[in-house]
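Trainee: Given chain A's structure and the hints, the job is docking chain B onto it.
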Amino acid sequence: EVQLVETGGGLVQPGRSLKLSCVASGFTFSSYWMYWIRQAPGKGLEWVSSINTDGGSTYYPDSVKGRFTISRDNAENTVYLQMNSLRSEDTATYYCAKDREGEGYFDYWGQGVMVTVSS
Amino acid sequence: DIQMTQSPASLSASLGETVTIECLASEDIYSNLAWYQQKPGKSPQLLIYYANSLNDGVPSRFSGSGSGTQYSLKINSLQSEDVSIYFCQQNYDSPWTFGGGTKLELK
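If you read the sequences in order, they're chains A and B. No gaps in the numbering here: position 14 of the first sequence is 14 in our numbering, and each next residue is one more. No gaps in the numbering here: position 85 of the second sequence is 85 in our numbering, and each next residue is one more.
Treat the hints with care, since some could be wrong.
From chain A, some residues computed to sit far from chain B (all C-beta separations above 12 Å) [what the hints assert, rightly or not]:
no.: 1; residue: THR7
no.: 2; residue: SER30
no.: 3; residue: ASP54
no.: 4; residue: GLY66
no.: 5; residue: GLN82
no.: 6; residue: SER85
no.: 7; residue: ARG87
no.: 8; residue: SER118
Per label pair, the in silico range of CB-to-CB distance [said to hold, decoys possible]:
no.: 9; chain 1: A; residue 1: GLY42; chain 2: B; residue 2: THR5; range: 17 to 23 Å
no.: 10; chain 1: B; residue 1: GLU22; chain 2: A; residue 2: SER17; range: 39 to 45 Å
no.: 11; chain 1: A; residue 1: ASP62; chain 2: B; residue 2: GLY41; range: 27 to 33 Å
Simulated from the structure, these hints should not be mistaken for lab results. Please read all numbers here as calculations on a predicted model, not as lab measurements. Note that beta-carbon positions come from the ideal geometry of N, C-alpha and C, so glycine has one too.
Next comes chain B alone, as it looks inside the complex:
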């Protein structure tokens, strides 16, 4: 199985700040990667697919990048509504696997 390792596990940032979350795959996943946001008590929502494609309705302050085994999610100008847990997911090979999550809080 492909292991997905996210860092950091938790992150505290101020409003307006730029934050970056990393996701490392145990093997090359050829940009077959998604990012999800899970707000407290809610279901996950798709933010990014194919590593850098923004899903419909997602604010442009979110962006994804990366290739091979290393990927990142960047949030520009952090807003209060961005407080969430963020998960990466690979769909290159079955079983599809998720990272352990990054909990983003406001400082």
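Bound-form chain A, shown alone:
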């Protein structure tokens, strides 16, 4: 059974940093692209970052580029999201997701972790 478990969320002041982790199980982690997607309270979904199988290629939308960094440790079956210079508009539930077959479809999602940016 595929499982994705995110940790690391919480309340953080604007301008500070936070690092999210997502531990994967139930599939060959090193064979799949992984993603972070967020959902502001009561709002829609926003793709936040992507990482390829070996971690050598990463992608971000303009809204987080230069502030967020995705990385992975295939030995630990874990994907990370380092979030710096946090803003109030980064407040959201952050989901870790697995790619279906390398196409950019998200076939498994974690339960999500809440990040609140507020003073």
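Mentor: Just chain B now, with coordinates in the frame of chain A:
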């Protein structure tokens, strides 16, 4: 960025009814479209990919269609467990973008 516009924003239907949700892309996305279902308080789940391919384990009452800029999700014989928010997503061009969602409720 490719804008994805869903309609309606909310929908009320009766058990057993057939419902259709639309998704309009701001440019041709060549069927690179997925539909997700998000039940209350839960994470999204992939229903449909490549516009019309049913994901494993998804009931056959769900179907997707469309091409170019216009796509739709059809739910036949609505069940109580289908009460959810439905999102479309394009993966034709980065940044991948989602529609605003359609909230489906029971009448």
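Trainee: Confirm or reject each hint.
Mentor: Comparing the hints with the structure gives:
1. Residue-level check passed: THR7/A sits 15 Å from the nearest beta carbon of chain B, beyond 12 Å.
2. Even its closest Cβ contact with chain B, about 21 Å, leaves SER30/A beyond 12 Å, as expected for a residue assigned away from the interface.
3. Separation of ASP54/A from chain B is adequate, the least Cβ-Cβ distance of about 19 Å exceeding the 12 Å criterion.
4. Under the 12 Å C-beta cut-off, the non-interface status given to GLY66/A relative to chain B holds; the minimum distance is some 14 Å.
5. The beta carbon of GLN82/A is kept farther than 12 Å from every beta carbon of chain B, the shortest such distance being approximately 19 Å.
6. For SER85/A, the condition that its CB be more than 12 Å from all CB atoms of chain B holds, with the nearest at approximately 19 Å.
7. Distance to chain B confirms ARG87/A as a non-interface residue, since its nearest Cβ pair spans about 18 Å, more than 12 Å.
8. Non-interface status of SER118/A relative to chain B is upheld: no Cβ of that chain comes within 12 Å, the nearest being about 22 Å off.
9. Hint check: GLY42/A to THR5/B, Cβ distance near 19 Å, so the stated range 17 to 23 Å holds.
10. About 41 Å separates the C-beta atoms of GLU22/B and SER17/A, a value consistent with the hinted range of 39 to 45 Å.
11. At about 30 Å, the beta-carbon gap between ASP62/A and GLY41/B stays in the expected band of 27 to 33 Å.
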